[in-house]
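Novice: Read off the chains here:
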Amino acid sequence: MKDLTQSLLDTEDEVMLRDAARGFLADASPVAALRANRDAGRAHDPALWAEMAQMGWTGVLIPEDAGGADMGHRAAGILAEEMGRVLAASPYLSTAVIAASVLRQAGPRGMGALQAIAAGEATYALALDEGPKFAPAATALKAERQGNAFRLSGVKAFVPDGSTAGRVLLLARTSGMPGDTEGLTLFDIDADRAGLQRQALSTIDSRDHARLVFDGVAATGDDIIGDLDAGLAALRPGVQAGQAALAAELTGLAGGAAAITLGYLKERKQFDRTIGSFQALQHRAAHLWSEIEVTLSAIANAGRVLDATPDDAALAVSLAKARAAQTAKLAVSEAVQMHGGIGMTDAYDIGFFMKRARVGAEWLGDYGHHAAIIAAARGF
Amino acid sequence: MSDATEALAAFRAEISAWISDNCPAALLGRPMDESAIVWGGRNWTFADDDQRLWLDRAISRGLTAPRWPVEYGGAGLSRAQEKIYREEMARIGAPPPLESFGLWMLGPALLEFGNPAQKAEHLPSITRGEIRWCQGYSEPGAGSDLANVQTRAEDMGDHWLVNGQKIWTSYADKADWIFALVRTDRDAPKHKGISFLLMDMETPGITTRPIRLISGKSPFCETFFDNVKVPKKNLVGELNRGWDIAKYLLTHEREMIGGGASGLLGGRSIGQILAAQDGNVLADPILRAEAMQAEVDALAFNLTMGRYKDQAEAGRGVGNASAMLKYYGTELNKRRYELLMATAGSDGLEWDGAHGGLAPEWLRTKANSIEGGTSEVMLDIIAKRVLEMPGQ
Chain A
1 MKDLTQSLLD
11 TEDEVMLRDA
21 ARGFLADASP
31 VAALRANRDA
41 GRAHDPALWA
51 EMAQMGWTGV
61 LIPEDAGGAD
71 MGHRAAGILA
81 EEMGRVLAAS
91 PYLSTAVIAA
101 SVLRQAGPRG
111 MGALQAIAAG
121 EATYALALDE
131 GPKFAPAATA
141 LKAERQGNAF
151 RLSGVKAFVP
161 DGSTAGRVLL
171 LARTSGMPGD
181 TEGLTLFDID
191 ADRAGLQRQA
201 LSTIDSRDHA
211 RLVFDGVAAT
221 GDDIIGDLDA
231 GLAALRPGVQ
241 AGQAALAAEL
251 TGLAGGAAAI
261 TLGYLKERKQ
271 FDRTIGSFQA
281 LQHRAAHLWS
291 EIEVTLSAIA
301 NAGRVLDATP
311 DDAALAVSLA
321 KARAAQTAKL
331 AVSEAVQMHG
341 GIGMTDAYDI
351 GFFMKRARVG
361 AEWLGDYGHH
371 AAIIAAARGF
Chain B
1001 MSDATEALAA
1011 FRAEISAWIS
1021 DNCPAALLGR
1031 PMDESAIVWG
1041 GRNWTFADDD
1051 QRLWLDRAIS
1061 RGLTAPRWPV
1071 EYGGAGLSRA
1081 QEKIYREEMA
1091 RIGAPPPLES
1101 FGLWMLGPAL
1111 LEFGNPAQKA
1121 EHLPSITRGE
1131 IRWCQGYSEP
1141 GAGSDLANVQ
1151 TRAEDMGDHW
1161 LVNGQKIWTS
1171 YADKADWIFA
1181 LVRTDRDAPK
1191 HKGISFLLMD
1201 METPGITTRP
1211 IRLISGKSPF
1221 CETFFDNVKV
1231 PKKNLVGELN
1241 RGWDIAKYLL
1251 THEREMIGGG
1261 ASGLLGGRSI
1271 GQILAAQDGN
1281 VLADPILRAE
1291 AMQAEVDALA
1301 FNLTMGRYKD
1311 QAEAGRGVGN
1321 ASAMLKYYGT
1331 ELNKRRYELL
1341 MATAGSDGLE
1351 WDGAHGGLAP
1361 EWLRTKANSI
1371 EGGTSEVMLD
1381 IIAKRVLEMP
1391 GQ
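Going down the list, the protein sequences come from chains A and B. Using my numbering, count along the first sequence one by one with no gaps and you end on 380. Using my numbering, count along the second sequence one by one with no gaps and you end on 1392.
Hint data in this document are derived by calculation from the structure and do not stem from the laboratory. The structure displayed is predicted, hence computed values, not measured ones. Some hints could be false.
To be verified - Here are the simulated lysine-lysine pairs, BS3-like style, with alpha carbons at most 30 Å apart:
#1 A:269 to A:355
#2 B:1232 to B:1309
#3 B:1334 to A:329
#4 B:1190 to A:329
#5 A:329 to B:1384
#6 A:266 to B:1247
#7 B:1229 to B:1083
#8 A:266 to B:1384
#9 B:1247 to B:1119
#10 A:329 to B:1174
#11 B:1119 to A:269
#12 B:1217 to B:1190
#13 B:1190 to B:1334
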């Protein structure tokens, strides 16, 4: 029997995980739930998060001795894919993937936090971007040193899960100039700390995003993850894990949008014919399916590489994110167009897919960011 | 290690040693251009003695047809063993001792559909490189609509009488035998009146004419059949069920053409090739963006070929999804050659200039998405069979 973890096929365990996730999410978090939350002005659903914790999803990347399920990055991607299919909104990426991957590298300092994440008690936001594009090195938010203490001042412009998360992973500048890759430090602080103002943003995907304003927020050396001035290194495992899982979410989203569209093509009649019988639409649907198939390989590969050789995963992760951003864009564009007028209405679900795809394309690096990494890795 | 793993490791060591011991050193790592390919056949002339020696030794070990049964001249290898054999051949740099349509297409068809006499008559001569086969499928009126075969075979009691014309018959002018689709029932629905017939090219009434392409000389021919008498025993499978065999073989062909796309640039990335060209063409932001996109897509496509291969090896068929490999791989290959031409600029415009051979290769890639089923037919297959979209 071939060892499937060496291939891009799902193992038996992974097939079971996928089926279980799909079944649970169809009941607990259909697109209708996102709509209801949006209409109620609610961006985070604590009850859903508690159920995810119960199933071990919050601990998917957390060691068993910290109460996690430790299923690995491929499994984390499969969960993200299934969440993407139905647009399940939760702090899963920020907390269970990104924060867990960062804290896992933080030695004893991270143990308590990991236990709290696995138990579903702690949620995290990653505060990185200060401008409109993903650029950690451009960080200007200042951490001014006063003895063993720091004062944090500056603005994080786009922080996913930033208005509801209990804790914030924050990249701040402890030395050097914006643009320097050195001189950045990663802090782990309580979101309620004095001087931290959180302004919820009303974003197109109806999820929790916030602008975080730091006005002399107090921090100490105990709040630092990794080493002083070495924040990018401490952040890398989290960012890469997050990029891979976000790519998986986007690909699941593409699959979900394609499935809804295919269903519509098989049922909608115009000119006395099912529109899915028109070859022009068949070819577009077939092309979209092909693109999704090809992207799914990049997603599976990123998970496998992160599990096997995490220090050598940059190419695999960027390939996944670059492909996923484009595939999701194609899927939602084709979905709305093939639906026609009804696809433009808020009453129909497909628009939610388009909006989330746009947000996902930007977060943690857009297509151009990742294509440049791939080009560099491939020698040009 | 399990017993099976141990046995495979032992096989790898054994086959690796055999290849190293038997493949003449002069053949190792030689570029695989047309002159390096051994096609075999009645009129074959070897480029040198090394080629002949390598073929003879491979035949003696059954390795011209690794997976075929030993009784027909194969080596009887398992799928896993064959994979190891090919890996070791590639690692050592040994060329395939023999290539042919007999090995790729007719053999698999006979093994699946042929009767014992046909297998005994034809398979050994294929494995020994004695008979070179060509494939007679397409006709002037049967391209994408392959089942619209008009070449007819009439039952004359003691023989078939064949009349008609084939087109795009690769190497028909050099082949010894042809396997062809012929119409044996003109009243039946078009898929149901086709049979699969074997013909000796020396039979009176068969003539061939080479076709010149936009890319220059080509192996393609037109093949004409004028009152050709064919023995009754040369019909493979059941009368009027030849379409089943054709479909079986087309799946093979699609995987080969789509799969070939990744290897055409010798494993190098498009960016690496472009970066090595004079004048840093990648400084042009538009070409650079296109090259990046081609690279991203090629990397993801290569992973997908690996995934499908693993799926087939795990015993879960790929089925109609192979149409995607053919579609995506050939379209990708065309994009890459467009990029190579754009970056070569006027250096790429001569038939035999500084980028010798690039222009004809670029032109030839335009056929990739036509031969073996057009991209549009592949999309039809995906839409109808994979996505189960409604018919017209």
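Novice: Please name the hints from earlier in the document that this structure breaks, with their numbers sorted from lowest to highest.
Specialist: The structure breaks hints 2, 4, 7, 10, 11, 12, 13; every other hint is satisfied.
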